[in-house]
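Visitor: Protein chains in written order, with the numbering used here: chain A, 1 to 131; chain B, 1 to 131.
Keep in mind that a hint or two might mislead.
[Said to hold, decoys possible] Straight-line alpha carbon distances no greater than 35 angstroms define the calculated DSBU-like cross-link-like pairs of lysine-lysine that follow:
hint	chain 1	residue 1	chain 2	residue 2
1	B	K53	A	K23
2	A	K5	B	K5
3	B	K53	A	K53
4	A	K23	B	K102
5	B	K102	B	K5
6	B	K23	A	K102
7	B	K23	A	K53
8	A	K5	B	K53
9	A	K23	B	K5
10	A	K102	B	K5
11	B	K102	A	K5
12	B	K53	A	K102
13	A	K53	B	K102
14	A	K5	B	K23
15	B	K5	A	K53
16	A	K23	B	K23
[Said to hold, decoys possible] Here are some of the chain B residues that sit facing chain A, going by a computed Cβ distance under 8 angstroms:
hint	residue
17	L66
18	V70
19	R101
20	D117
[Unchecked claim] Counterexamples of contact, computed for chain A against chain B with all Cβ distances above 12 angstroms:
hint	residue
21	G22
22	R52
23	W55
24	D84
25	T86
26	P88
27	K102
28	D113
29	T119
30	G123
Rather than coming from a laboratory, the hints here were simulated on the basis of the structure.
Owing to the predicted nature of the structure, the values given are computational and were not obtained by experimental measurement.
Ideal Cβ positions, reconstructed from N, Cα and C, are used throughout, including at glycine.
Number of protein chains: 2
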Amino acid sequence: MLEPKYQEDGLIPAIIQDRHSGKVLMLGYMNAEAYRQTLTSGFVTFYSRSRRKLWTKGEVSGHHLLTREVRVDCDQDALLIQADLTGPGCCHLGYRSCFFRKVTPQGEVIILDREFDPTRVYGEKHPESQT
Amino acid sequence: MLEPKYQEDGLIPAIIQDRHSGKVLMLGYMNAEAYRQTLTSGFVTFYSRSRRKLWTKGEVSGHHLLTREVRVDCDQDALLIQADLTGPGCCHLGYRSCFFRKVTPQGEVIILDREFDPTRVYGEKHPESQT
Numbered sequence: 001m002l003e004p005k006y007q008e009d010g011l012i013p014a015i016i017q018d019r020h021s022g023k024v025l026m027l028g029y030m031n032a033e034a035y036r037q038t039l040t041s042g043f044v045t046f047y048s049r050s051r052r053k054l055w056t057k058g059e060v061s062g063h064h065l066l067t068r069e070v071r072v073d074c075d076q077d078a079l080l081i082q083a084d085l086t087g088p089g090c091c092h093l094g095y096r097s098c099f100f101r102k103v104t105p106q107g108e109v110i111i112l113d114r115e116f117d118p119t120r121v122y123g124e125k126h127p128e129s130q131t
Numbered sequence: 001m002l003e004p005k006y007q008e009d010g011l012i013p014a015i016i017q018d019r020h021s022g023k024v025l026m027l028g029y030m031n032a033e034a035y036r037q038t039l040t041s042g043f044v045t046f047y048s049r050s051r052r053k054l055w056t057k058g059e060v061s062g063h064h065l066l067t068r069e070v071r072v073d074c075d076q077d078a079l080l081i082q083a084d085l086t087g088p089g090c091c092h093l094g095y096r097s098c099f100f101r102k103v104t105p106q107g108e109v110i111i112l113d114r115e116f117d118p119t120r121v122y123g124e125k126h127p128e129s130q131t
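Given only the sequences and the hints, what does the whole structure look like? Please build it.
Guide: Next up, the structure:
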C-alpha cells in the first residue's frame, strides 16, 4: 500500500470531494493512523491539530464521510478523497461544504444555503470546528 | 479584503479546482504575497516550499491557472480556487491533474492519460515539481 509523504509534523492534507457532485467539501489533515483507518474502516478519519487526536468525521454529528476512492498527488504529499456524505452538511457551521464563502474586493460573500442548524447538531461545543 | 489565517510557517494550503469540469487539479501553498498576487494579477501564484520563492503557475510551462473565484473555508485556514487552466495539463508529470493515481489494496493505479510530454515542456529541470 502506497505510503504518503507526511510533513515534518507527521500530517498530510486531505481534500474531500463529493463523489457525485464534484464539490469540494473540506480540507482536513491525516497522520499515518488516520490514513490507515480511512482506508480500512471506510469512514474518513482525520487528525485534529487543535485537539491533538484522531476524529472520525461524523462522530458527533452523524454526518459521516464514506471513503470511496483515495488519490495521491504527484509529489505524494497531498491526498484527494472521493467520498459520500451521509448527512445534510459537512461543515460544522451548517453548510454542505466548508467552502461556503467567496472572497470579493468588497468582502466575503456567503454563496451556499445553510442545510442544518449547527447548535441542534453539535450543541454548544462544536467539537469539529477545528481541523 | 478577507485575510486568511496562515499557518505558523506563513503559508495556507490552496486547492485548485477546474471551474468547468469540477476536477481538482492540484494543491499548492500560498503566503500573503502569493495570495495577493493571485487575487490581483488573475494568475494563480504559489509559494514553493522547496525553492523558497514565489512561483506563478505556468511561468515555465505556459500552462497558467487563471483565477476565477476564491473561496475560504469556515476556519479561514484553507482556500479553494476555481480556475481555468490555459494548457493541456496542470501536473509537471504531464497529466491534467496532479491527482492522477488512486490507491488500491494492490497498489497505486494511474487513472488519467498523459496529456503532454513533460521533458518537452519543462526540459530536464522540472522546476514545478515541488509545491
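Visitor: Next step is simple, just say for each hint if it's right about the structure.
Guide: Hints, one by one, checked against the model:
1. Between K53(B) and K23(A), the direct Cα distance comes to roughly 31 angstroms. Compliance with the 35 angstroms bound is thereby established for this hinted pair.
2. For the hint pairing K5(A) with K5(B), the CA-to-CA distance comes to about 24 angstroms; that is within 35 angstroms, so the pair holds.
3. Pair hint K53(B) plus K53(A) holds up; C-alpha atoms about 33 angstroms apart against a cutoff of 35 angstroms.
4. Distance hint between K23(A) and K102(B) is fulfilled; the C-alpha atoms sit about 19 angstroms from each other, no more than 35 angstroms.
5. Straight-line distance between C-alpha atoms of K102(B) and K5(B) comes to about 31 angstroms, which keeps the hinted pair within the 35 angstroms bound.
6. With a C-alpha separation of about 19 angstroms, the suggested pairing of K23(B) with K102(A) holds against the 35 angstroms cut-off.
7. The straight-line distance between the Cα atoms of K23(B) and K53(A) is roughly 31 angstroms, inside the 35 angstroms bound, and the hint therefore holds.
8. In summary, the hint linking K5(A) to K53(B) is supported, as the alpha carbons are separated by about 22 angstroms, within the 35 angstroms threshold.
9. This hinted pair checks out: K23(A) and K5(B) have alpha carbons roughly 23 angstroms apart, not beyond 35 angstroms.
10. Straight-line distance between C-alpha atoms of K102(A) and K5(B) comes to about 15 angstroms, which keeps the hinted pair within the 35 angstroms bound.
11. For the suggested pair K102(B) and K5(A), the alpha carbons sit about 15 angstroms apart, so the restraint of at most 35 angstroms is met.
12. Distance hint between K53(B) and K102(A) is fulfilled; the C-alpha atoms sit about 27 angstroms from each other, no more than 35 angstroms.
13. The suggested pairing of K53(A) with K102(B) holds, with an alpha-carbon distance near 27 angstroms, which does not exceed 35 angstroms.
14. Annotation: proposed proximity of K5(A) to K23(B) holds, straight-line Cα distance about 23 angstroms (limit 35 angstroms).
15. Our distance criterion of 35 angstroms between C-alpha atoms is met by K5(B) and K53(A), whose separation comes to about 22 angstroms.
16. For the hint pairing K23(A) with K23(B), the CA-to-CA distance comes to about 9 angstroms; that is within 35 angstroms, so the pair holds.
17. The restraint placing L66(B) at the interface with chain A is violated, with a minimum CB-CB distance near 16 angstroms, outside the 8 angstroms limit.
18. The closest approach between the C-beta of V70(B) and any C-beta of chain A is roughly 4 angstroms, which is under the 8 angstroms cut-off, so the hint is satisfied.
19. Among the interface hints, the one on R101(B) holds; its C-beta lies about 6 angstroms from the nearest C-beta in chain A, closer than the 8 angstroms criterion.
20. The restraint placing D117(B) at the interface with chain A is violated, with a minimum CB-CB distance near 15 angstroms, outside the 8 angstroms limit.
21. Distance to chain B contradicts G22(A) as a non-interface residue, since its nearest Cβ pair spans about 3 angstroms, not more than 12 angstroms.
22. Remark: the non-interface label on R52(A) is consistent with the geometry, its nearest Cβ contact in chain B lying 15 angstroms away (cut-off 12 angstroms).
23. Every C-beta of chain B lies more than 12 angstroms from that of W55(A), the closest at about 14 angstroms, which supports listing it as non-interface.
24. D84(A), annotated as away from the interface, keeps every beta carbon of chain B farther than 12 angstroms; the closest lies near 16 angstroms.
25. The Cβ of T86(A) lies farther than 12 angstroms from every Cβ of chain B, with a closest approach of about 19 angstroms, so its non-interface assignment holds.
26. Listed as a non-interface residue, P88(A) keeps its Cβ farther than 12 angstroms from every Cβ of chain B; the least gap is roughly 15 angstroms.
27. The beta carbon of K102(A) sits about 5 angstroms from the closest Cβ of chain B, which is not more than 12 angstroms, so the claim that it is off the interface is violated.
28. No Cβ of chain B comes within 12 angstroms of the Cβ of D113(A); the nearest lies about 15 angstroms off, and the non-interface call holds.
29. Once the 12 angstroms rule is applied to beta carbons, T119(A) is consistent with being away from chain B; the minimum gap is 15 angstroms.
30. The non-interface label for G123(A) is consistent with chain B: the shortest C-beta to C-beta separation is roughly 17 angstroms, beyond 12 angstroms.
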